[in-house]
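Student: Here's the letter readout for the chains.
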Amino acid sequence: NAGVTQTPKFQVLKTGQSMTLQCAQDMNHEYMSWYRQDPGMGLRLIHYSVGAGITDQGEVPNGYNVSRSTTEDFPLRLLSAAPSQTSVYFCASRSTGMGYTFGSGTRLTVV
Amino acid sequence: GQQVMQIPQYQHVQEGEDFTTYCNSSTTLSNIQWYKQRPGGHPVFLIQLVKSGEVKKQKRLTFQFGEAKKNSSLHITATQTTDVGTYFCAGNAGGTSYGKLTFGQGTILTVHP
Chain A
1 NAGVTQTPKF
11 QVLKTGQSMT
21 LQCAQDMNHE
31 YMSWYRQDPG
41 MGLRLIHYSV
51 GAGITDQGEV
61 PNGYNVSRST
71 TEDFPLRLLS
81 AAPSQTSVYF
91 CASRSTGMGY
101 TFGSGTRLTV
111 V
Chain V
112 GQQVMQIPQY
122 QHVQEGEDFT
132 TYCNSSTTLS
142 NIQWYKQRPG
152 GHPVFLIQLV
162 KSGEVKKQKR
172 LTFQFGEAKK
182 NSSLHITATQ
192 TTDVGTYFCA
202 GNAGGTSYGK
212 LTFGQGTILT
222 VHP
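First to last, the sequence lines map onto chains A and V.
For the first sequence, position 69 matches number 69 in the working numbering, and the numbering has no gaps at all.
For the working numbering, count along the second sequence from 1 and bump the result up by 111.
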């Protein structure tokens, strides 16, 4: 099992560019989430999904879109990158009653 | 919305000293989870507490869930340099919000040998 795979690991974007952060899990987990981590602010929930075809907003959803067409994949789209979106992004998945398994993260810089 | 507060933000200890971090939620939780993140790494799940007043132990780590299911604590006995990292609590309100896990800001632990 690969667990939770995030790509890319590093990315530099220019303000206004769009891009998709990829996340895939091979554990058949029903729950998946995207978090961003900034110094001193812990992990803030962007969007989450409780199953294929079902997504919902977290604490900081503005500027991000998600979709969950399959159980395995949960991509995060940045519509028009802004410097405030410079952060480390983590994707995570879990099943009922379990803790989250996190991916290794994507370090995004917007210039 | 649900808020999870964690204190202290930083804790510096000498190796062998004990360490405790506290977590408080603005709402009653269905369950609470604890994670550890090593510097430069990703969060790793430690444990989940579900029952009111529950206490669980993992070697030198003791986890407690409050009677009102609104607070929790993690206590490490006799810290070691391998305990260095950031400890996060994360709360789940359950019900229609079951898929939503809200993290505290974390406590950064440094251990001086």
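Hints in this document: simulated from the structure, not taken from any laboratory.
Just so you know, even glycine gets a beta-carbon here, dropped at the ideal spot from N, CA and C.
Treat the hints with caution; some may be incorrect.
[Said to hold, decoys possible] Reference listing, derived: stretches of chain V covered by chain A, where coverage requires no fewer than 3 residues with Cβ under 8 Å from a Cβ of chain A:
id: 1; stretch: 153-163
id: 2; stretch: 212-220
[Claimed, not checked] Residues from chain A that keep clear of chain V, each with C-beta distances beyond 12 Å, as calculated:
id: 3; residue: GLN6
id: 4; residue: LYS14
id: 5; residue: THR15
id: 6; residue: MET41
id: 7; residue: GLY42
id: 8; residue: LEU43
id: 9; residue: SER49
id: 10; residue: ASN62
id: 11; residue: TYR64
id: 12; residue: ASN65
id: 13; residue: SER69
id: 14; residue: LEU79
id: 15; residue: GLY99
Student: Decide, hint by hint, whether the structure agrees.
Tutor: Tested hints:
1. 153-163: holds (count 7)
2. 212-220: holds (count 6)
3. GLN6: 9 Å, violated
4. LYS14: 26 Å, holds
5. THR15: It holds; THR15 of chain A is separated from chain V by about 27 Å at its closest Cβ, greater than 12 Å.
6. MET41: For MET41 of chain A, whose nearest Cβ neighbour in chain V is about 6 Å away, the distance does not exceed 12 Å, so it is violated.
7. GLY42: 4 Å, violated
8. LEU43: Since the minimum Cβ distance to chain V is about 4 Å, LEU43 of chain A lies within 12 Å and the statement is violated.
9. SER49: 7 Å, violated
10. ASN62: 14 Å, holds
11. TYR64: Answer for TYR64 of chain A: holds, closest chain V Cβ roughly 16 Å.
12. ASN65: 17 Å, holds
13. SER69: Check passes; 17 Å lies beyond 12 Å.
14. LEU79: 22 Å, holds
15. GLY99: Check fails; 3 Å does not lie beyond 12 Å.
Violation of the numbered hints given earlier is confined to hints 3, 6, 7, 8, 9, 15; the remaining hints are satisfied by the structure.
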